[in-house]
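Undergrad: Spelled out, the chains give:
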Amino acid sequence: MARAVTTQRKALNTAIAWAIGLLIFFPILWTILTSFKTEAQAIADPPVFLFFDWTLENYAVVQERSNYMRFLWNSVFIAGGSTILGIIIAVPAAWSMAFVPSKRTKDILLWMLSTKMLPAVGVLYPIYLIFIKLGILDSRLGLTVVLMLINLPIIVWMLYTYFKEIPGEILEAARMDGASLRNEILYVLTPMAIPGIASTLLLNFILAWNEAFWTLNLTAAQAAPLTAFIASYSSPEGLFFAKLSAASTMAIAPILILGWFSQKQLVRGLTFGAVK
Amino acid sequence: MATQQSRSAARLMMAPAVILLLGWMLVPLIMTLWFSFRKYLPLRGGDQGWVGLENYARFISSSSFWPAVQTTLIIVGGVLIITVAFGIVLALLLDQPMWGQGVVRILVIAPFFVMPTVSALVWKNMFMDPVNGILAHLWKFFGAEPVQWLSQESLQSIVMIVSWQWLPFATLILLTAVQSLDSEQLEAAEMDGAPFLKRFWFIILPHLSRAITIVILIQTIFLLSIFAEIFVTTGGAFGTRTLTYLIFQRVLESQNVGLGSAGGVYAIILANIVALFLMRIVGKNLDT
Chain Y
1 MARAVTTQRK
11 ALNTAIAWAI
21 GLLIFFPILW
31 TILTSFKTEA
41 QAIADPPVFL
51 FFDWTLENYA
61 VVQERSNYMR
71 FLWNSVFIAG
81 GSTILGIIIA
91 VPAAWSMAFV
101 PSKRTKDILL
111 WMLSTKMLPA
121 VGVLYPIYLI
131 FIKLGILDSR
141 LGLTVVLMLI
151 NLPIIVWMLY
161 TYFKEIPGEI
171 LEAARMDGAS
181 LRNEILYVLT
191 PMAIPGIAST
201 LLLNFILAWN
211 EAFWTLNLTA
221 AQAAPLTAFI
231 ASYSSPEGLF
241 FAKLSAASTM
251 AIAPILILGW
261 FSQKQLVRGL
271 TFGAVK
Chain F
277 MATQQSRSAA
287 RLMMAPAVIL
297 LLGWMLVPLI
307 MTLWFSFRKY
317 LPLRGGDQGW
327 VGLENYARFI
337 SSSSFWPAVQ
347 TTLIIVGGVL
357 IITVAFGIVL
367 ALLLDQPMWG
377 QGVVRILVIA
387 PFFVMPTVSA
397 LVWKNMFMDP
407 VNGILAHLWK
417 FFGAEPVQWL
427 SQESLQSIVM
437 IVSWQWLPFA
447 TLILLTAVQS
457 LDSEQLEAAE
467 MDGAPFLKRF
477 WFIILPHLSR
487 AITIVILIQT
497 IFLLSIFAEI
507 FVTTGGAFGT
517 RTLTYLIFQR
527 VLESQNVGLG
537 SAGGVYAIIL
547 ANIVALFLMR
557 IVGKNLDT
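Chains as they are written, first to last, in the numbering used here: chain Y, 1 to 276; chain F, 277 to 564.
The shape of chain F in the complex, shown without the other chains (with noise of 0.2 Å):
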């Protein structure tokens, strides 16, 4: 039983972390709540006061707000199909006995390990590229004309470098749940004669029911926010402008903070609804 003393060593042993986050949470959410009711544009007249749910509105109203919303959901969507897809196979695949197990896990794993920056960048110049890019050499190298991936198939592109880095968490995650499965279940209903396609529709697949919902979410977060990929390779250009990118544009490029303030607003809530069904798998599997 933990005593009276303990109990408030424990309570001071956690008040730098509490109080920490804290601060870090609330001061700039209210500085951005405060901006979102005003007309404040640093670079022409600084503040110029209280313009109450005006930025909202024109946030949403504006002509790029739905293409950024759709380009956002593409993104997100796109990114998450190919990882999930991709890693169930992927992870099914690792756990078969093979040689050399373990450096091929390694290299499937590689790439969570490069800078963003990096990888958009090695896409986009040593791959992407229309005259020299790997991909327009094998282009041509089977008589098709070269794309221009960045500029044509932009989104496409994008979501095929996003995906790259995001299918080794979602391969690893999956094939830490497919470990865990029960051997003994999948012989069983090998023996009475049940066929792959069986095997993993009736077993495997709700045995991994709960590691994908953790994978879609957690990327979903992280997906949300991606930009550095989209910084380097087209700076928004393209139909490439996502949420984030927008308001990252209103904000620092365009110096209209209140009208992108409002933005951050919404992008806040956005992530909310997300994190509160990430939240809700979390806190149960704490009371196991």
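Only chain Y is shown next, with the shape it has when bound in the complex (with noise of 0.2 Å):
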């Protein structure tokens, strides 16, 4: 029996989730009105909500000030170029692990999961020197192959978690028919396995996006993606609201947008399948 609720109680769960939505969303949302304001409206006592002149002044000052494009080409390349090269090497692991476990396989993951638990700081010097040794420091294929790295745990996992709901019978049928190990991956478990090798795809690309510690310390002015082009935007520039506003808008709008998409995956990725 479905609970019977009144249109009231609706109306007021309505008007108070909203209401705190909103403040939740606040500071995104004026984040992306100021960076459509002029530097004078965006600092204005008291502050104009959405009645000011709009202008795109503060985009095209950004662009041609600190090269913007070339940022986001080095965090595409960068998020872009770690998951697919997580995926690839993750996929033939998970696919073993789900479908020929052994009695290791339990143990291999939760090993897997604790390399992501490393911290970061702990071992910061060794990935710099031997980043300054092989030369590859502040270039985009260094932090590609440690973004990939850092979240290879995550990627195998949230695999694993899909091709385990992938029924063995199908796979079984399939061999019993003669398929080979190459055809069976590729015309059985591929069709299958899309929606789950979509999903991880979506959610590592934003976690590798958003990753700001290995960014900021292993790039400098080549392979600096956008974490680092907007930490540079701290004191004196920071305070050219609109500006500011203007540079983090493009920063995160892309995200903001795959992260829509991704809120169930979310969930999966992010507890290890422990909260489903």
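Derived by calculation from the structure, the hints in this document are not laboratory data.
Any given hint could be a false lead.
Claimed, not checked - Computed footprint of chain Y on chain F; a stretch qualifies when at least three of its residues, placed anywhere within it, have a C-beta under 8 Å from a C-beta of chain Y:
#1 358–372
#2 378–385
#3 392–398
#4 403–414
#5 484–495
#6 516–527
Stated by the list, open to error - Straight-line distance between alpha carbons at most 25 Å, and here's what the computed BS3-like set of lysine-lysine pairs gives:
#7 315/F / 133/Y
#8 474/F / 10/Y
#9 106/Y / 560/F
#10 106/Y / 116/Y
#11 264/Y / 560/F
The structure presented is a predicted model; accordingly, all values stated were derived computationally and were not measured.
Even for Gly, the Cβ is constructed at its ideal location relative to N, Cα and C.
Starting from the two chains in their separate frames, assemble the complex, guided by the hints.
TA: Here you go:
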């Protein structure tokens, strides 16, 4: 029996929930609005909310002055590259753990997860030193590899939980019919695994895009992605609110949109299947 | 049944991931351990040999160690309390029937997708700036003196910024748990006349306990290593130097690698203690 809810009660819920939702969202909304103001309006006292002269000037200035496109490209390259590389390495591993489990599968999974718990700062200098020795400090390649490694445990885990949901009988049937391992993976498993792989791709792209320890410490001018670009906006440029807002909006907009698609995967991906 | 052939194939397929993660874990870890026993100042004489446990002793006895531990505990504890408490309230609220539920959910979750440097900088300048920030305007509107957030109330400010970032995570996971609650049991309790607080305490909270534990453990691991939020806002000044930040300063800013590595080993041990509990829960879940 569904609980009967009065319209009045529903209206009250709606009002409270929307008020709280808007309050939480407000900093983002305010940043987006401010990015369309002039610098004078951005610090107007009292603040102007919607009724100002909307302008795109800040976007043009940020782009022109700081070569925004290069940082964007670095972000896309590093986040995309590390995610794709991670998936390529993780799919076979997750596949074998899900379909050919052995006694040690569970231990291996937990051990992989434990590498994710290693505090980055504890290994900062060794990585820094290795990067200098290999000449890959401040290079996109180096950062791509590091981000791939820190997200690899999550990728393996997510794929594993998705693969686990594929019924093993289907694979056995294919094997009985004489499908080779290669064909089994290519024609039977892949089509069923695509949604899981896509979700994993999405969430890990977001995590890599927002990663802000290694990106700040291992890059300088060349390979800096958007996280480092924004960090360079701390004072004095940060006091130009409109430009700061424009730069911030450009850095978070793509991920906000992707993020809305990945709400469900977020729970699965970040709790390692412990909450469903 | 898996055949011998598929077993060796499986091992082969696992190998790249296992070898990479093993290398990623062991190589830097061994290097950190090695450095932690040496006097190593890259800019002032380089590696000056074995010093035993001196770095470990010096790291703990330095005047900035205990304040850093305290700062870390306040930030982690503060953010945990705020996110879990508000997360439960929000999760229960979002589970109620309402109009535009999907949109509200998106509004609440959005901060999680904002990169740390952006949220830190937006809060620092546009909200917490003592002259032009929104909060300063708000304080003035009510006739109060604007607060120098990041210099005078620095710890509270950082806790606020980080809580804003992590509230969505707690809410989303707790909401997932709330939605799996058996509504018939709740209805029965309601019909028997149990007031909301009793229903919350005896039915809802026990049901959420596992999800709460998981939120606490996962957030602790991430919160112990927050970096960008402090790097961008205060740079470790005004009593906001956490253990992570202290180690970062020792290693990269003052280039005292031996000392910083000893600190790193402490941080690794601390994180592992938390991780152990998390692993137990996750491991148990794997069996079912």
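Undergrad: Hint by hint, where does the structure go against what was stated? Just the numbers, ascending.
TA: none
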